[in-house]
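*Asks:* Read off the chains here:
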Amino acid sequence: MSNLITQNEIVIDDWTLVTLPKVDQEIRKQAGKVVLFKLTGENTISAEQIANTQIPATGKIIVPLSVYLARKSELATRIIKQEVGIWLATHEVLESLTNAESDLNIFPLIAVYVERFADGRIFSIGNLLRTRYGFNHTLRAFGDVLRDQLFFLKRSGFDSYLIRADRNAQEALQSLKDFSQPYQGAVDDKQPVWRRLNRSQNNVA
Amino acid sequence: MYKYDEIDQQLVDERVAQYRDQVRRYLAKELSEEEFRPLRLQNGLYIQRHAPMLRIAVPYGMLSSRQLHKLADIATQYDRGYGHFSTRQNLQLNWPKLEDTPDILAELATVEMHAIQTSGNCIRNITTDQFAGVAPDEIIDPRAMAEVIRQWSTFHPEFALLPRKFKIAVSGTKQDRAVVQMHDIGMEFYRDAENKVAIKVWVGGGLGRTPILGTVIREHLEWQHALTYCEAVIRVYNLHGRRDNAYKARIKILVKALGIDEFSKQVEAEWLHLKDNPNTITEAELARVAQHFEAFDYAKLPAHDSSFDAAIANNAAFAAWAKRSVHPHKISGYRAVTLSLKPHGKAPGDATSEQMHVVADLAAQYSFGELRVSHEQNLILADVKLSDLFAVWEKARAHGLATPNIGLLTDIICCPGGDFCSLANAKSIPIAQAIQLQFDNLDYLHDIGELELNISGCMNACGHHHVGHIGILGVDKDGSEWYQVSIGGKQGNDASLATVIGRAFSAEEMPGVVQKLIEVYLKERSDEERFIDTVRRIGIAPFKAHVYATTEPKKEVTHV
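Chains as they are written, first to last, in my numbering: chain A, 9 to 213; chain B, 63 to 622.
Just so you know, the hints here were simulated from the structure itself, not pulled from any lab data. A hint or two may mislead.
As the list claims (entries may be wrong) - In silico lysine-lysine, DSS-like type, Cα no more than 25 Å apart, as pairs: (1) B:327 / B:229; (2) B:65 / B:132; (3) A:198 / B:337; (4) A:185 / B:91; (5) A:80 / A:68; (6) B:408 / B:327.
Since the model is a prediction, treat every value here as computed from it, not as a measurement.
Chain B on its own, in the form it takes in the complex (with noise of 0.2 Å):
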């Protein structure tokens, strides 16, 4: 993975020197609590409920062991010996102290991490797909891009106060798994007929209230254009972005508004000013962040190994997890394992501090010292091999990183909700627990089989909602907390927006509501139909039809 030299480190360590200084005005009241406000959301801290919110930024979800080694100390000493992994591959810490944030960002340093545009009306995390360099399926490793971006996008200076936030993400497969449709800007790498390494540019994809997938805006770009094709997009949305209504203030509104025809000659006039200037990729560049993301020195292993298939003969339980948690790598014997952050009943995303020194501890063992986070909020050693995943899984079961739930109906995409964030209407957590509980039968799971299930507590949408199979959102209706369900939505090349079923359910009715759905597409499905397919075979009335027929509206007065 990529690793600092003496200008990125000297970077880092400015930015802690100039935050601690913002800390340390706003605390004397030099600075009014609106005009700290954008400085700290720039580097990743939220006022909360109960406390601030630090967001620590993973860029495109890499992580060392020594990293989080580092992670898990921090998430002792300042916080409650836990942290959360978010759909943006990032790590928030849900209670530390506005006083001891410059401290913390301080220890990030020293193991080449920061806060650094984590939230704020800037340039986010750029975010990829966590099997990167090791998907049998990929075309092109977009580590190294995402590294250059990830430069070129800190503290630049013309899109440092943009309308709203700005998300980019990028890919390297024919199956998506980066969700670039879903950004403001997706860049998808493929090679081109001449055998060169170009780009399909998506603009104006986001969740959030106004639900929109991204429009193709250029089919092919030379990869070397990326930056200055990204200013010329970003600097047309700075100037004419809404900024007087945060709601509409998405680069998405403003495509949807002009269209994409106006848009993309905009977008063409700046470039033209822009293109070849100085901030043009070249070959030498790339090759040298690219050399931080060459393969491992793998060991040449055969196809098979004789313990692992004895093993899940042998091991129900380890063959059940398999199933769900191993993933194929491009390199004989070597398989990407994903460990599950989501236990029934307990919040997704969250591990404890003991959990992370565990896995930070596999992944030197068994997996380069290197893992990511994924954006369905899951930890993946990379590049295990065969003979090692019993040991693996041993290790991982004894501290609940085990569940062999990935990929189905409890592997549920979850946003901290109204239990942590000042902006939810509703909660989300004690949703997610009561449905993980109420399909605790590891059979009747695998056998309901592949299902997204994606909870946010506002429309904000950092649960994804839209793109869940079954997706929930909390609501308020007179200051009761009541959660609106939609089916049919997917991620992926083939990504759809969810359909609303009909009226809102209250909290306890939820996992009931849920297992109607699902008794809908037991009776329904064909053979090796996944639930999504069957809605969209069948469309949504049959899913209202059951739902609505044996639920009753409740007084809404029960619930204040």
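Chain A extracted, bound-state conformation (with noise of 0.2 Å):
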């Protein structure tokens, strides 16, 4: 059974996820003075490992940012038939998606992946694609992805999520309604609970 939520029910995954080629020895790193605080261990990408990266010749495919941004001309006319989604970590720099491509709307599917459960970027990263960026397609969330995420994953911009695979969907999808009227205006509803309903009603004792 498909572990995959999007928009508020359990669907079939209709994308294929390329990965890069693993490397015998995994570099983790602290980043240089511009990107101060990441592990960008994974930025070390070597030229090899892109080159290497199988890509399924047909099908939808979800293509990791470093493949993308390296092999762009092979998979342009693929673009045009929106087969193209593309993936990144949390540690990577959003920026050199947005600066490479101006419309991300080009793509059908954004996924950003998720190490660990704890890590809290993502939110950031979803609210950026959404409000600054203008990207309204499918945004997935893969990876360390358990049901208590959801509601947040939800009100910073995902609307869809590839539940753990040790998990079960079904009911992570309770979740998605953990609470009716949150404080704060986020991406899926701007307005704070204090323009969205009327409280000023509200008896003072």
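Since each chain comes alone in its own frame, lean on the hints to assemble the complex.
*Replies:* Quick look at the structure:
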């Protein structure tokens, strides 16, 4: 059974995730001055890895950001056919995508990979994609995605969630409804509750 | 104080249901230890040495009588009949059962309380001055804004999983009592040149392993933009704060690494996009919240009360208490009162269920049914008539709540330490008790005068030892407990961080060490000079010389 939730229901995943070939030794090092404090081990992705990444010849594919940037020309016709989505990890620099593409809506899907549940950068990235960069197609979270993140992910602009394989997506659906009237304005509803509803008529003892 | 409407109530009720299900899934092993951890922490639940510890939120320190009665009942029913008031103005229960915590939260929800975001890597309880709304020197009552910020920060989706905890304090006085410079974001509300309410914003303060006082990031921010500006600051932090090392993950480390100019530049660039978004506060919304904090229906009273004056003249014990525990009030004939949770020889900040019931009754009878928790870990009745002070004192004294030591050496700020906390390197409560007993002579205590002594059981600094006039830090050396002493710290507008005087001491040495520090002060002080003033004038050298001249280092093996 599918573990993908999109638009509040469980659906079959018709996208193929393209991953970089593994290297023997993963390098994790602190970044230089520009992206201070980001774990950019994966930014040391080698040209060889990018070149060796296997891209399926047909079907809908989600391509790593680094591969897309380096091999964009190969994908040009498939982009027009709406077959290319992009994925990036939470430590990657979102601006390298937005600098390369002025219109993100050429992609029917952008996916953000979160390695650990506790990594809340995914929320800011979702927010920026929706509010700053105007992305209005499917925004998917995958990786260590568990039900207790869903409400926050939804409010941060995500509408698709690939629940970690060992968990039940049907149960996870419940958590999209954890709270009926959250206080603050966010991506899904820009209005804070006091603009959404009339609170002033409530009695003050 | 703020009263819930159906929206607030629904939110805490839904939280109880959500948390109950999280606990169920954990107990059913559907959630691993590691997965449950951030969930329980965001509900204030720690796994401690003996039992879980549950930290209950007391937003900006405000409580009603009804709420305190409920807390007392919960402590009786689910704990061992007492609770611990913390330096973040919250209440901690040390002995609840994990299985009971959903029921405790359900009980709390019936009195408009919760444990949301009292721990975990998220925006924590908003704190402020315990005399907010009644202090004569107050320019702006910050409580309405504290409530607006509380609501905005509750389950903020973008900032639910930050690199580390995030603390915000607000203040509306010239004399800062909310230690805004010690917070991740500190906000001082003031009136600008056009008499409009504005905010001076500090960022990147914090204690812990690397104590740093905050830096001003904005001298002037219009109050309407408080939330969107916080969004800009916290977004920069969320995206760029370190996540590889918990000890380097606070915003202070990011601010220091980037430099305030670069950090500020990034925040301003972010804010350009966020400014004027719908989270911008309107006059109407602030007014809706502020009506909950409107002044009480105070009686018109003369500035003096003859029965009070007579009691002061005739009763030395009452006079000694009043001198330390009674504080000025903006309304004629009223005073604020601090009830001491620091009786000598007891754990600082602890209150029994019986004491909580007594304080709740006192608040109901004498102080409009409300009270506050101070970050110094005492309880405050903020609106007591001068003519009622004697009656309040008698009842408080009968229940061990009137130790006349507020602001004195034995009014020790102290974390739970190694007796309870699994993070601690050393016990802190027994040290506090030993020092209190060393200085049990009240005349001597009053002669020493104002002195803040802070104890933390580890470098996480919950006891705020860096800003104590005397700060004590528990350290672990080869598996035994030692104590490092520093002097010269101070909270407030002229805040400073304390300097370590030298090698650490054993627990048994500590009362004697404090005694030596006091001896130097009493010898060196000029008239009217407080301990902190003397330290600032003569430096730490004379203190160091006296303390180390007369104590021999003990062999560590004797303390294993």
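*Asks:* Evaluate each hint against the coordinates.
*Replies:* Going down the list of hints, with the structure as the test:
1. B:327 / B:229: With Cα atoms ~22 Å apart, residue 327 (chain B) and residue 229 (chain B) stay inside 25 Å; holds.
2. B:65 / B:132: Measuring from Cα to Cα gives roughly 16 Å; hence the hint holds.
3. A:198 / B:337: 13 Å, holds
4. A:185 / B:91: Given that 25 Å is the threshold and the Cα spacing comes to 23 Å, the pair holds.
5. A:80 / A:68: 15 Å, holds
6. B:408 / B:327: 49 Å, violated
Of the numbered hints given earlier, the model fails hint 6 alone.
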